[in-house]
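Visitor: Here is what each chain is made of, one letter per residue.
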Amino acid sequence: MSTILKGGTDSGSERLSDQVIRIDVRSERQIQLLQALETEEEFELDFWLQPVSTELPVDIRVPRSSLSSVKEYLHVHDIPFTVMIDNLQELLNQEKAEMEMNQMSEHSTRSFNFGAYHNLETIYSWMDTLVAQHPNVVTKLEIGRSYENRPMYVLKFSTGGSKRPAIWIDLGIHSREWVSQATGVWTANKIANDYGHDASLTSLLNTMDIYMLILANPDGYVYTHTNDRMWRKTRSQNPGSVCRGVDPNRNWDAGFGGPGASSFPCSDSYHGPFAHSEIEVKNVVDLVKGHGNFKAFISVHSYSQLLMYPYGYSCSSIPHQSELDSIGKAAVEKLTSLYGTQYKVGSICNIIYQASGGSIDWSYDMGIKYSFAFELRDTGRYGFILPAAQIIPTASETWLALKHIMEYVRDHLY
Amino acid sequence: MAKRQLNPNYYEARRAAQVVFIYLNTRYGSPYKLFGLQTVYSATVEEVGDSGRKYQLKLSVQEIPTDATEKCSAEVFFQRGGKQSPPQVQVLGLKELLKIKTKAKEEALYQKYKAKDPLLSVQYLPDSQGNMDPDMEPFWYLCIAASSFIMLSESTENTLYNMAQVASLTQLPTENNQLKFDSLILLHDIVSQEIPRWKLLFTWSPAEGVKVLQMEQQPRRNG
Chain A
1 MSTILKGGTD SGSERLSDQV IRIDVRSERQ IQLLQALETE EEFELDFWLQ PVSTELPVDI
61 RVPRSSLSSV KEYLHVHDIP FTVMIDNLQE LLNQEKAEME MNQMSEHSTR SFNFGAYHNL
121 ETIYSWMDTL VAQHPNVVTK LEIGRSYENR PMYVLKFSTG GSKRPAIWID LGIHSREWVS
181 QATGVWTANK IANDYGHDAS LTSLLNTMDI YMLILANPDG YVYTHTNDRM WRKTRSQNPG
241 SVCRGVDPNR NWDAGFGGPG ASSFPCSDSY HGPFAHSEIE VKNVVDLVKG HGNFKAFISV
301 HSYSQLLMYP YGYSCSSIPH QSELDSIGKA AVEKLTSLYG TQYKVGSICN IIYQASGGSI
361 DWSYDMGIKY SFAFELRDTG RYGFILPAAQ IIPTASETWL ALKHIMEYVR DHLY
Chain B
1 MAKRQLNPNY YEARRAAQVV FIYLNTRYGS PYKLFGLQTV YSATVEEVGD SGRKYQLKLS
61 VQEIPTDATE KCSAEVFFQR GGKQSPPQVQ VLGLKELLKI KTKAKEEALY QKYKAKDPLL
121 SVQYLPDSQG NMDPDMEPFW YLCIAASSFI MLSESTENTL YNMAQVASLT QLPTENNQLK
181 FDSLILLHDI VSQEIPRWKL LFTWSPAEGV KVLQMEQQPR RNG
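Sequence order for the protein chains is A and B. Going left to right, the first sequence walks through residues 1 to 414 as my numbering numbers them. Going left to right, the second sequence walks through residues 1 to 223 as my numbering numbers them.
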């Protein structure tokens, strides 16, 4: 046997690579011959499919230096074969490239699943890919840290300028309102992708900036994943109480401590020891005051299907009541046009309840005229635990309302 | 005191209307039938001497599995003294939605679970993502119907209740031909934003409907 199987140079063209050959075994004799071949260590054959029966093919990876000898052996013994993989190295290179592309696209926003609820780590890492994919329009700013020292990130959509008139959008300040954060993720992606393609959004971003805080309460959000799906507040410690957290939307300096907020630390609407006691609120206040040129301030909550304007701390009408009411009604008309989802429009105090210390009351009293609060789907059937399948429909319809408000602001700068 | 017209979009009318369909769910709720609020068209409120306040509403109600709606009128009377007695509700003109047939499905479910072995035991309906096994949906409806008894007794002019989640549902052996369940229910009151937790022991059969045996509020979760 070994006299025939001599290592020798290839008579044909230079082979640059190993090959994989397949033998369709016909007889027991052929099996024996292949088993004998397998024992020839100097050829370093790698049998991908062993010679075991006439029912099954035999696949052999043959190193390039052994190719001519092995093929000679098979010819001599009348064992037909086919070359399955002509150039193994090339195939391996291709597969590696494909895998790398798949890995990249898994991390890219193109295949990010916007129709699912994600945890904080996933959302934060997605933010980085969004910025990497749209560097001309999105940057990520750390505006401070949460009580438990998590970074708070704002996505800034801007095409340049310096402190251009800006629109503020915050989401998820009440951590259990998961469709809010999920809507933020979808919307950020929408804005980044529509720039340069949608005329209206492009014109908006050519003159204004959009600041979006997707996780306004990072500690609470983590807690809804790890401990209590129904957690609403921050996670700050309240001295002298076993109960943690302050309702961050009763903590703003607007009628602070008034009706509609509790002074009891265990309450889900506890206003906190003093206005802006919560670092999560303070970080936003400092940014907005420091910037000085916000023209609109929008807070996104769930649930109840409402679009509201100030005040919550008082039931008296604001000076711009009729203007905000008509913007709200037009925005809701656009929202409803997509799937028929019904929304109500009005001031917080009239529509849901008197509630002091709220964010849009603060922003309005700071002079940011176009202050609105959304309560997204639904009206109570699922409530906070809105099925993930409704995330994209909710975000899509809400976008039409948001866009209307932003376009109005663009066209009525003050 | 004279009748006062209310804005049907504002909270006073909305809270009274919520009580209407909570009441309907105590009367007619089943694994295959629930009611929800569609729209409030008009609302008035008046003081009734010293005993309380009466709301009169024209609204449309939705039957949840089929999404069919029907207009009706309702009266909700909140007695002075808050939670001492539950609000009294009367609904007039609801005909078509009550005719929707669910008896066959209810009977099939009842027979399936009457001698169930092992007994049903499930946690978190729906789960955190809002999803549930389709086989569990009738039990989610049943819990909404049963917890409506709690919500009705707790409702005032200063509450707006929904069931937030079923934390756990455990079937107990069938008793007197009624399916029997022990449950931990999480409610949500929009006005206070609290999540009251209630232990609820109840029975159900197609013939008898939902009957509450015991309801007990649980202490707040530590956290």
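Treat the hints loosely; a few may be bogus.
To be verified - Computed footprint of chain B on chain A, listed as stretches where at least three residues anywhere in the stretch have a Cβ under 8 Å from a Cβ of chain B:
| id | segment |
| --- | --- |
| 1 | 231-243 |
| 2 | 264-273 |
| 3 | 348-360 |
| 4 | 378-385 |
Hints in this document: simulated from the structure, not taken from any laboratory. Glycine residues also receive a C-beta, built at the ideal position from the N, C-alpha and C atoms.
Visitor: All the hints need checking, so say for each whether the structure fits it.
Guide: Each hint tested on the structure:
1. Here's how the segment 231-243 of chain A fares: 4 of its residues keep a CB closer than 8 Å to some CB of chain B, so the rule of at least three is met and the hint holds.
2. Proximity of the segment 264-273 of chain A to chain B, defined as three or more residues with a beta carbon under 8 Å from a beta carbon of that chain, is established by the 4 residues found.
3. Under a criterion of three residues with beta carbons nearer than 8 Å to beta carbons of chain B, the stated coverage of the segment 348-360 of chain A is upheld, 4 such residues being counted.
4. Restraint check on the segment 378-385 of chain A versus chain B: 7 residues with Cβ-Cβ distances below 8 Å, three needed, restraint holds.
Checked against the numbered hints given earlier, the structure satisfies every one of them.
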